[in-house]
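K.L.:
Single-letter residue listing:
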Amino acid sequence: MDAASIPAHNGPAVSRAAAADVIASVRSSAPLVHCLTNVVVSQFTANVLLAAGAAPAMVHSAQEAGALARVAGGVLVNLGTVTSVTAEAMRVAVKEAAGAGRPWVLDPVAVGPLPWRTDLARELLESAPPAVIRGNASEILALDSGGTGGRGVDSTDAPEAALDAAIALGRRYGCAVAVSGPEDVLTDGTRVVRVANGHLLLQRVTGTGCSLGALVAACTAVTGDALLAATAASGLLAVAAEIAATGSAGPGTFAVALIDALYELSPDRLARDLNLR
Amino acid sequence: MDAASIPAHNGPAVSRAAAADVIASVRSSAPLVHCLTNVVVSQFTANVLLAAGAAPAMVHSAQEAGALARVAGGVLVNLGTVTSVTAEAMRVAVKEAAGAGRPWVLDPVAVGPLPWRTDLARELLESAPPAVIRGNASEILALDSGGTGGRGVDSTDAPEAALDAAIALGRRYGCAVAVSGPEDVLTDGTRVVRVANGHLLLQRVTGTGCSLGALVAACTAVTGDALLAATAASGLLAVAAEIAATGSAGPGTFAVALIDALYELSPDRLARDLNLR
Amino acid sequence: MDAASIPAHNGPAVSRAAAADVIASVRSSAPLVHCLTNVVVSQFTANVLLAAGAAPAMVHSAQEAGALARVAGGVLVNLGTVTSVTAEAMRVAVKEAAGAGRPWVLDPVAVGPLPWRTDLARELLESAPPAVIRGNASEILALDSGGTGGRGVDSTDAPEAALDAAIALGRRYGCAVAVSGPEDVLTDGTRVVRVANGHLLLQRVTGTGCSLGALVAACTAVTGDALLAATAASGLLAVAAEIAATGSAGPGTFAVALIDALYELSPDRLARDLNLR
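Chains as they are written, first to last, in the numbering used here: chain V, 1 to 277; chain D, 1 to 277; chain E, 1 to 277.
Simulated from the structure, these hints should not be mistaken for lab results. Just so you know, even glycine gets a beta-carbon here, dropped at the ideal spot from N, CA and C. Mixed in with the good hints, there may be bad ones.
As the list claims (entries may be wrong) - List of simulated lysine to any residue pairs, SDA-like, C-alpha gap at most 20 Å: (1) V:95 to D:95; (2) E:95 to V:95; (3) E:95 to V:116; (4) D:95 to E:116.
Unchecked claim - Now the in silico label distances, taken between C-beta atoms and shown as ranges: (5) D:269 to E:246: 21 to 27 Å; (6) E:29 to D:182: 15 to 21 Å; (7) V:160 to D:269: 36 to 42 Å; (8) D:200 to V:99: 58 to 64 Å.
Chain V with its partners taken away, still in its complex shape:
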């Protein structure tokens, strides 16, 4: 149940060509992505999805979240600004997505220090296994620790420090787990792959991590291989960030250029520039 038990591969566990094919499929099929996400990043997330070729939809009420989840290509549940009102919509969306065979993605924002959402995250995971869990290292560590406090939850944890936790979560829920950071680490409990692209300015723009969760949900709509979906989405954002950083004067121009780069980045260029390990 730890990283040492993962067999060595010849080359990365996910190929660059396969990841690029996933992005090409998103562009050609424009999957509907139902986002139950936080109010801080909703606009940026929708623009990221539109730039990548997906079709965002955001419905927050318990009365409607189920109906949309049943027909969505993928569903994102992001806990950022969850309240009791939107928590109920999330419960309905996860249940209905699972019932209809639609993949859902959990972004466990700030799980760990905040007990109420930590319980909610676990409740949702137990109600129906997600396709992917995407978070930072601290969130993944907290989600795995079972509330026993056995592991420190520090936002400065590096992704690699959360690999064992990610493998354990992946095996427990039969899902992929994407640990985002300077170098993203992804696993499905069996395979491990790392995305060695990106740029530091991603940390200075709100919603880059959250919109990655939405891109992951878009990719789960076009492939049943959850690790491949999460890798493709992580790679797309990270390579687009490298392009956007060229000539950006700061996080304002970078955020704008990132949307442009997501729109213009061809699958061929992604296959070329993606650095998987």
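With chain V fixed as given, assemble chains D and E onto it according to the hints.
P.N.:
Just chains D and E now, with coordinates in the frame of chain V:
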């Protein structure tokens, strides 16, 4: 009750000069526009209104929505992320706006496939007729069909396909109906006008349609001719989009340039570039 | 209790060097700023804080707002789109922040014409004194008038017209009061200082005032002198706006350039360009 019954005009039903005058009035009088809109597009909508010279205000609670609606120049009700909490604020706002003689605009986002909001939209329309309904073709078709399912609700419907539905709604509620798309089609049940400006990048930025609803509300504050108001707003956004697309590298830079273009576009240039049919 | 009772100083009540030191401390310590703010400006506010070097966190539920407030460097309560759900979270956050000795900042958006939030603002102020109140002149006048209607609440009030009200509020609650406008006027009931920087385009971008409230909260995390904190934040935003306006074609490009300027503005340059009176 259909398009064929609309008499032919000499020239478009709304003149370019009249539309430009409406925009000039918005700039000079800075009407207060009370927006009950969705959380995805709130920031962009406020910036669009500010750039056009209007004064946005967004209040979401049932305790306050009525007080603001009574003093607003125009009220926008957009159903994008409506919940039971904000639905109650919408009911109050529409009632109080109507009581005070203030125009209100309905943007029936995603009406059709989602029954709860479809019922809410009809309830609001029955409680007090709006000045304008603004939606895409699928939403207008769904709103008119009465839930009988007699018409397909497909987001790929072209505006022209919704003209009969728009005319029917316009006559039923005594309002103007703006069907947005590559070429906007607008009617008040008697007159029909089309705005043949715009740019495809509008579809790749979240909130362009929703902020058009807010611009329509701003224009209803300065003219009692609802069709003229809706045409002026649609024309302003569409011509600004043409300007913004020049030199934009993608949807990120386009969205920024669109705000600049709305701010800089003079009524004289609008009167010159507007293509009404 | 009025401006005439404030003794004259040799030079401004806050020094430019001290203000620049506060901004340097924010950059080096990256304080966690818990924002209970409105949905229109959440994204922009988070990006402003990130650009300035602070760490934004936005949690809206009564179940969690207290836990975050206890560990935050500073807490912002902005009433823009408050509902009964978020009002409860605000009550909890203010109580827990006060109990843990954490400074909190009130942004009384639209207090005055809207009685429900005006009562809420007063309830919060009475429950625990804030470090800073930041608003426009009309809001400060309304907050001080006690609901007696003795003073007109007009959004065209100049900051100087609200100075007596600001001094009264500062003395009543033992806090600093920042009245934002073309020239910001700040007081703690004893000292008065004015920030004579800024640019008119700030008024054409939504959230510039609201994000100033968040910057003030960030600065209260690094200094116990609330007037100094409010002055440093006001000066940072105003000088950054002057930089951003250079070469901006309109409010769209200005908003983007403002984020870049906040990111790049060095404390040394701030100390040089800040115009305090």
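K.L.:
State for each hint whether it applies.
P.N.:
Now the hints, each set against the structure:
1. V:95 to D:95: violated (36 Å)
2. E:95 to V:95: Given that 20 Å is the threshold and the Cα spacing comes to 36 Å, the pair is violated.
3. E:95 to V:116: holds (19 Å)
4. D:95 to E:116: holds (19 Å)
5. D:269 to E:246: 21 to 27 Å: Check passed, 25 Å falls within 21 to 27 Å.
6. E:29 to D:182: 15 to 21 Å: violated (52 Å)
7. V:160 to D:269: 36 to 42 Å: With a Cβ separation near 57 Å, residue 160 of chain V and residue 269 of chain D fall outside 36 to 42 Å, so the hint is violated.
8. D:200 to V:99: 58 to 64 Å: violated (37 Å)
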